[in-house]
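Chain by chain, the residues:
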Amino acid sequence: MDITIQHGVFVIFTLVTLGSALLVVTVRNLFHAALYLMLCLFGVAGLFALLTAPLLAGFQVVIYIGAIAILIIFAIMLTPQVTRVIKTTNAQWPVAIVVAVLFFVMILSVVSPLMDELGVDDWNADFTQEDADRVPDSTLTDFGESLVSRDRFVLPFEIASIMLMAALIGAVLVVSPDAILRRDESQPPPSDTSVSADTGASGD
Amino acid sequence: MFEVPSLSDLNIAATLPVMSLVLGTCILLLADLFVPQERKQLTAWLAVAGLGVSLALSLLSLGDVTRFGDGDEAFAGMFVADTFTDAVNVIALVTALLGVMVAYNYLERTGTQRGEYYVLLLFTTAGVMFMGAAGDLVVVFVALELLSIPLYILSGFRRPQEASEESAMKYFLLGAFASGFLVYGIALIYGATGTTGLHDIWIAVDDIVAGDATSQYLLLIGAGLMLVGLGFKVAAVPFHMWTPDVYQGAPTSVVAYMSVAAKVGGFAALLRVLAAGMPHFVLDAGAPAAWQDTVWLVAVLTMLLGNLVAIVQNDLKRLLAYSSIAHAGYVLLAVAAAGSAGLADESAQAVVIYMMAYAFTNVGAFSVVIAVEKDDASNTGVTSMRGLARSQPWLAAAMALFMLSLTGIPLTAGFVGKWFVFKAAISADLFFAVVVGAVTSLISAYYYLRIVWYMYFEEGDGEAVIPWPLAAAISIAAVGTLFLGVMPYLLTDMAREITLAFGG
Amino acid sequence: MLSDYAPAAALLILAVGMSFVILFMSRLLGPYRPTARKLAPYESGMQPYGPAIRRIPVKFYRVAVLFILFDIEIIFFLPWAVIFRDLGVYGLVVMGMFFFILAVGFLYEWKVGGLEWE
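Protein chains in written order, with my numbering: chain A, 104 to 307; chain B, -4 to 499; chain C, 3 to 120.
Source of the hints: derived by calculation from the structure; they are not laboratory data.
Wrong hints could be hidden among the right ones.
Stated by the list, open to error - Restraint ranges, calculated between C-beta atoms of paired labels, are given here:
#1 Val91(C) / Gln32(B): 41 to 49 angstroms
#2 Leu154(A) / Asp65(B): 40 to 48 angstroms
#3 Val84(C) / Tyr185(B): 37 to 45 angstroms
#4 Trp40(B) / Asp73(C): 35 to 43 angstroms
#5 Ser5(C) / Val165(A): 21 to 29 angstroms
#6 Met164(B) / Tyr34(C): 46 to 54 angstroms
#7 Asp488(B) / Thr182(A): 55 to 63 angstroms
#8 Leu303(B) / Val84(C): 55 to 63 angstroms
Said to hold, decoys possible - Straight line, CA to CA, 20 angstroms or less: simulated DMTMM-like cross-link-like pairs of lysine to aspartate or glutamate:
#9 Lys35(B) / Asp370(B)
#10 Lys165(B) / Asp240(B)
#11 Lys369(B) / Asp240(B)
#12 Lys35(B) / Glu111(C)
#13 Lys113(C) / Glu33(B)
#14 Lys369(B) / Asp456(B)
For glycine and all other residues, C-beta sits at the position ideal for the given N, C-alpha and C.
Can you make the complete structure from the sequences, with help from the hints?
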């Protein structure tokens, strides 16, 4: 078996993904967990790139690392306990591990025979070069076409816009507690507007 | 080179009922911006108008007066516009209409009157309709999100109140988790069949059944994971944990709507995926579908747990939450029946009849809870029904009717629903599950009739606020419940036309 | 194949390497004669207190949420924009519908005051 550069890169990205994923759930500081999550998402982006899906890798970086992870960090910084190191008080982790391992074994037992079926007889085969030929030259244009082709994803694409609009309304509604409180005269307005995140809840 | 499709290729006309609702919702959102805060009833009326137009179109289509578009597929099979779609549309829209009616005064007296409420409610309805019409797993997923996201927000609509916020948070976190399972399932099904289109899956299943075991297991796990995701939405038992907390904390008007709407969407998608997409997915030749055992087992667990835990509940909203879990079990029984050869259509009809009956009954029951609930969301205990028969005889009579219907007493809609569900299950030889269903129905009589007992035989002040839109909603629900119970032929004759596009 | 990513890898290594270089260069090259006063975070300034990470106003969160939504919108625009000449008027109409629906949401947000800071 010859070790190609792909193997090295694959091992690195796998270790980054798995290691940081483990740290996300075990580390005690919530803020650090969010940072490790970003690293984990980056590792996944690398794996996408190895799977000859550069577009997905780009989306992963732009949306997940660039926006969603930032949002999670913002959410953590909104909480009053942001500076406190939080003890992970999940007493059910042994059960969780058992379930996770069982699920992993189940998936693995199904997927590994599939490898033989697809002709991947050598697990260490150079998996990128042959598969690369099967991938369209530009996944970007292919993706663009599939978004508007009638027999592909034009309907989900339009439904997605409706969904995004619903989310937009939700974002405006949820994140403007002042607007709701102002309308509800029975509730006194929050005294400190700069930390109005939880004053709504303390109203009763 | 890209080939530009023509309008008739797309067959957009077939999507008219749901598209008109989406367009109406966009207009409603813009119109609401110019409706002053003290005149929000205008928004509610506009929402009713939007729903009414869509309902009229769906009824025209269901009653076979006109079919929109040609053929029952649009967007090359992405959207299925068959009679089942029409039936789901009608149920979803009727529920939404009742939901708007019960909400109006409730929002006003709890100080949460905002136009966005109606907009989000209409969006959810569009999500339900898309789920019923899904011809592709990607559409199932996007529609599920369209159904869920507004519901998360609506659960937390009573913002300053902690219980409402908590329920929104719980619903959101668990719902997002369940969506993850759904996507995982879709990915595995794609891995097994090489497609996400339900019709293509239907074709591919034949090869898989004839082929090797690996793809079969991949498909089986994929279907199982989708069952997890959709089972969460319909509150089936291992995935029911959120239901009581969310139903108790969320505004009652939202619960009245979502207890029915989320179920309609979830069951419609389950039928599309399991009964239409892979009814002939068998591991041994001649056996029922591979997923049937799992589904009826889940159904049995759901019926048992829902009905048994409901007995000890002392809060009306919690009690009705467990009752709604139990009813998910009965509908799942019909879904399980679809796994036997040739029963897909019959079970789809049973689900439609059951959900129609459940829509009237359950929205009605929650409307009565809205009537007795105080402005600060208190007074929803079972004891708040005390003395209602004396102070509000009509309200008590309606509530008694809803309780009897939920139990499944003859001459109510609930009986008709259960009859058809059990009939489908017996045709599929699911005798054990049917026995469990019958026994748990008997058990459920205890806690439903306890409410009737409180209303008629115990002393209490029985205070209730019944503004006219709420009274109208309760009346419609009561008339519907009674009407379907006494004259079920109208509904069942219509339901007999229902076929899943490529089922059987 | 993998060499396509060489520029990206180079950029990554450069970025990570640069941050380390900047961190340690002044220590390595510059003179280092510390006193207690020099070691204070702000020399001759106020004594800082409290943790560096603080609670932030909820308004930032709203901006972040809206950023995500429009970010996803942009992601959908990108592959369409690359081939929009091939797609012609049809592509324009499809994207127009997508955009119209989101524009309605945007209008709503604007009118409701979701974009205002105060």
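Hint numbers not upheld by this structure, sorted from lowest to highest: 3
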